[in-house]
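Colleague: We have chain G; now place chain X with the ligands onto it with these hints.
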Amino acid sequence: MKILVCIKQVPDKDARLVLDDAGRGIVQADLNWEVNESDRYAVETGLRLKQTLGQGEVVVCTLGPDRARKALNTALAMGADRGIHLSDPDYRGGDPMTVARVLAAVARSEQAELVLCGTRSDDEGYGQTPILLAGLLDRPAVFLTMGVEVQDGSLKVIRELEAGRQEESIVPLPAVLAIQSGIYEVRYTSLKGIMAAKRKKVTQPTPTELGLSSDQIGGTGQRIEVLSMAPPEAGGHCEFIEADKPDVAARELVEKLRREAKVI
Amino acid sequence: MSKKILVVVEHEEGKIRRGSLEALAAARQLAEAWGGQVIGAVAADQATSLAEEFARRGADQVVALEHPALARYTPDGYRQAIAGLIEEIAPEWVLMAHTYLAQDMLPLVSAASGAPVLSDCVGVEIDGERAVFLRQPYDAKFVARTVDNGPAPHFATLQSGAFPADDLPENHGGTVSTHAVEIDAAALRREVLEVREVGDRTVDLSASEVVVAGGRGLGSKEKFDELVGSLAQALGAAIGASRPVVDSEWLPHAHQIGSSGQAITPKLYVALGISGAIQHVVGIRGAQCIVAINRDKEAPIFNEATYGIVGDVAEVVPALVAAIEEARAQ
Ligand SMILES: Cc1cc2nc3c(=O)[nH]c(=O)nc-3n(C[C@H](O)[C@H](O)[C@H](O)COP(=O)(O)OP(=O)(O)OC[C@H]3O[C@@H](n4cnc5c(N)ncnc54)[C@H](O)[C@@H]3O)c2cc1C
Ligand SMILES: Nc1ncnc2c1ncn2[C@@H]1O[C@H](COP(=O)(O)O)[C@@H](O)[C@H]1O
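From first to last, the protein sequence lines are chains G and X.
Take 1 as the starting number for the first sequence in this note's numbering and just add one per residue.
Take 1 as the starting number for the second sequence in this note's numbering and just add one per residue.
Isolated chain G, as found in the complex:
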C-alpha cells in the first residue's frame, strides 16, 4: 500500500513569536522550527501500517519554503521512504483550500491509496486541510483518528469523540485520515536513521508538473485573508502575585488562598 503522509513545519512550541511590521503575520527569521505535533503521529501511523502489512511505501510530503526540508528529513530519519517538497514560490501563502488543492494533486499523481495528515497545524490552527482534501479527492475521511487497522482491504478506524467516547467504523480505501495526537508513541530518530535519510530521494514537483494552474494555489488562489493580527487583550481578571523571590510569592499566594478565596 502506498501511504502519503502530509506534514507541516511550524514554529517550535516555545518560540517567542513577534508580529511583523504589516501586523498580519509573525516574523519568521530566527525562529526554531519543528514538525507539527499531530503530524509526527501521522508519520508514526504510516510507518506502523507499513510494518504491519509487511509491504508498501511511505511517502512524506510538505508544502513550505526551503527550511521545510528539515521537516522532511525528520520524517525520513524516522523511516519514511521518500520525500516530496512542494517548495515552488507559487505554492506559498494561501489558505487551507489552496494547500488542499496541492496535496490533492500530489495524492493523485502518486496514486496513494491512503493519505495521512495531522488534525490541526499548531500555527494557524485551521484544522480542516485533511477533510477539504478528502472532499476534493472524493474519498471518505475520518477526523481525529485514534486507531487504525487494515482489514480485508478496508480500514477499521477509531475516531475520538467528545467527553471520553470513541466511534469505531469501517471505511473503504482509498481514504484520508486525520491522525490525532496520542494515537501511538512516536519513535525517536536514531543516528542510523539520520544517516539513512541523507540517501533518500526528495523530489520538488512544480505546479505545472502536478497539473495545477497558479491562480488556484498559493497567495493568488487564496480566499482567506488576514486583515490584521494582534496580541489578545487580557480578557481575564487574574491577580498576578509579583515578587522577586519564589518563596515570597508562594507565601503571599497561600495567604490569599486561605484568607481571600478561602479554598484551602
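Rather than coming from a laboratory, the hints here were simulated on the basis of the structure.
It is possible that some hints are incorrect.
DSBU-like cross-link-like pairs, simulated, lysine-lysine; straight-line CA separation at most 35 angstroms [what the hints assert, rightly or not]:
hint : chain 1 : residue 1 : chain 2 : residue 2
1    : G       : Lys-192   : G       : Lys-70
2    : X       : Lys-221   : G       : Lys-13
3    : G       : Lys-262   : X       : Lys-267
4    : X       : Lys-15    : G       : Lys-13
5    : X       : Lys-223   : G       : Lys-70
6    : X       : Lys-141   : G       : Lys-256
7    : G       : Lys-13    : X       : Lys-223
8    : G       : Lys-262   : G       : Lys-245
Modeller: Chain X with the ligands alone, transformed into the frame defined by chain G:
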C-alpha cells in the same frame, strides 16, 4: 435580496447542543446587521420537534431534513443533506459550532464550492456587507481578523462559549418545514460499528475539591511526578493533566482534563506549566478558584486564572509546598 444565514444544528439524544444555540446567537447578530434571515437545518430521521425548538429559540425558518439514514451521524449522510439545502437556499454564510462533528464534516461540504472554513472563531465584526471573523492562531497567542474573499456561501465555525446563547428568545415564532431528503445509501462510506466509552474511567476528578494538574511545561515524567506529586500531596489534591502529558504516557488518560477528557468543578484548581488551550480550558470553567503557574506571562491560562505566578515551576512549586506546610504548622 435579504441575506440568509444558515445554521446547521447539532443534536444529541434528542437535544440541541448548546454550541448550536451559540451559533444561532452569532447568526442573529449577522442577520440583524444586514436585515437578513436566519435559517436552521436539522438533519435526523425525525427532525421536526428539534426544528420547532430551534424556531422558538430564534431561527426565522427551520428546515427539518429527514431520512432514515440520518438517524445517526455519518459525514456522507450529513454532507448530502446539507449540500442539497445550500444549493436550494443559497445562504450567504453557513455557521456551525466548532465541534468534532463540524470538523469531521463541514469541510467536505465547503470543498465542493472551493471554500475553506473560517474555523474556531471567537468573535465577529460587521464591516458593511462583509463579516470579519476573529480567530486565534498560534495557540491563541494572537487574535487575527479574518475574511473570506471568495463568493458565497462562506463557512465559519464558532468556538464554544464565544457567542453566549443566554439572550436568545424563548418564543421567536420561526416557521418549520419538513423536507424528505434523498440520500444515496451507496455513498455512505463510513459504516459505524459502535460508539463506546473509552475504557479507562479509573480516576474520577469530578468529585475532587482540589485538583493540581501539570502540563507539557513540566518537561519530563520525572519532573511531573516530583512537582505535581508534591504539591498535590501538600494540598490533599487529586492529580490532573493536560493532553500532551497523557499523549507522552506520563499519566493514563483517566487523568486528562478538557474536551477529550474530564470536566471538573473543584473549589481550587492549580495549573502548572499548562498554556491554557481552549480544549483544556473547557474542562476547568467550573472551578471556583484557579491558580496558574507558568513562565510565560502571555500564556492564555492567565485569562482564566484567579491568581497567577509568572515563574519556573521548578522554583515556584517547592516554594509553594514549603509555604503550605509552614501555614499548616501555624
Ligand atoms: C480535538 C482536540 C482535543 C483536545 N483535547 C484536549 C483535552 O481534553 N485536554 C487538553 O489539555 N488538551 C487537549 N487538546 C490539546 C490542546 O489543544 C493543547 O495542545 C494542550 O492543552 C496543550 O497542553 P499544555 O498546556 O500542557 O502544553 P503547551 O501548550 O505546550 O504549554 C506548555 C506551557 O508550559 C509553560 N512552561 C514551559 N516550561 C515551563 C516551566 N519550566 N515553568 C513554568 N511554565 C513552563 C509554557 O510557557 C507553556 O505555556 C486537544 C486538542 C485537539 C485538537
Ligand atoms: N503546508 C502543508 N504541507 C503539508 N501538509 C499540511 C500543510 N498544511 C496543513 N497540512 C496537513 O493538514 C493538517 C491540518 O492542517 P490545518 O488545516 O492547517 O490545521 C496538518 O496536520 C497537516 O497534516
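Colleague: Against this structure, judge whether each hint is valid.
Modeller: Going through the hints against the structure:
no.: 1; hint: G:Lys-192 <-> G:Lys-70; in the structure: holds, 17 angstroms
no.: 2; hint: X:Lys-221 <-> G:Lys-13; in the structure: holds, 18 angstroms
no.: 3; hint: G:Lys-262 <-> X:Lys-267; in the structure: holds, 9 angstroms
no.: 4; hint: X:Lys-15 <-> G:Lys-13; in the structure: violated, 39 angstroms
no.: 5; hint: X:Lys-223 <-> G:Lys-70; in the structure: holds, 30 angstroms
no.: 6; hint: X:Lys-141 <-> G:Lys-256; in the structure: holds, 29 angstroms
no.: 7; hint: G:Lys-13 <-> X:Lys-223; in the structure: holds, 19 angstroms
no.: 8; hint: G:Lys-262 <-> G:Lys-245; in the structure: holds, 24 angstroms
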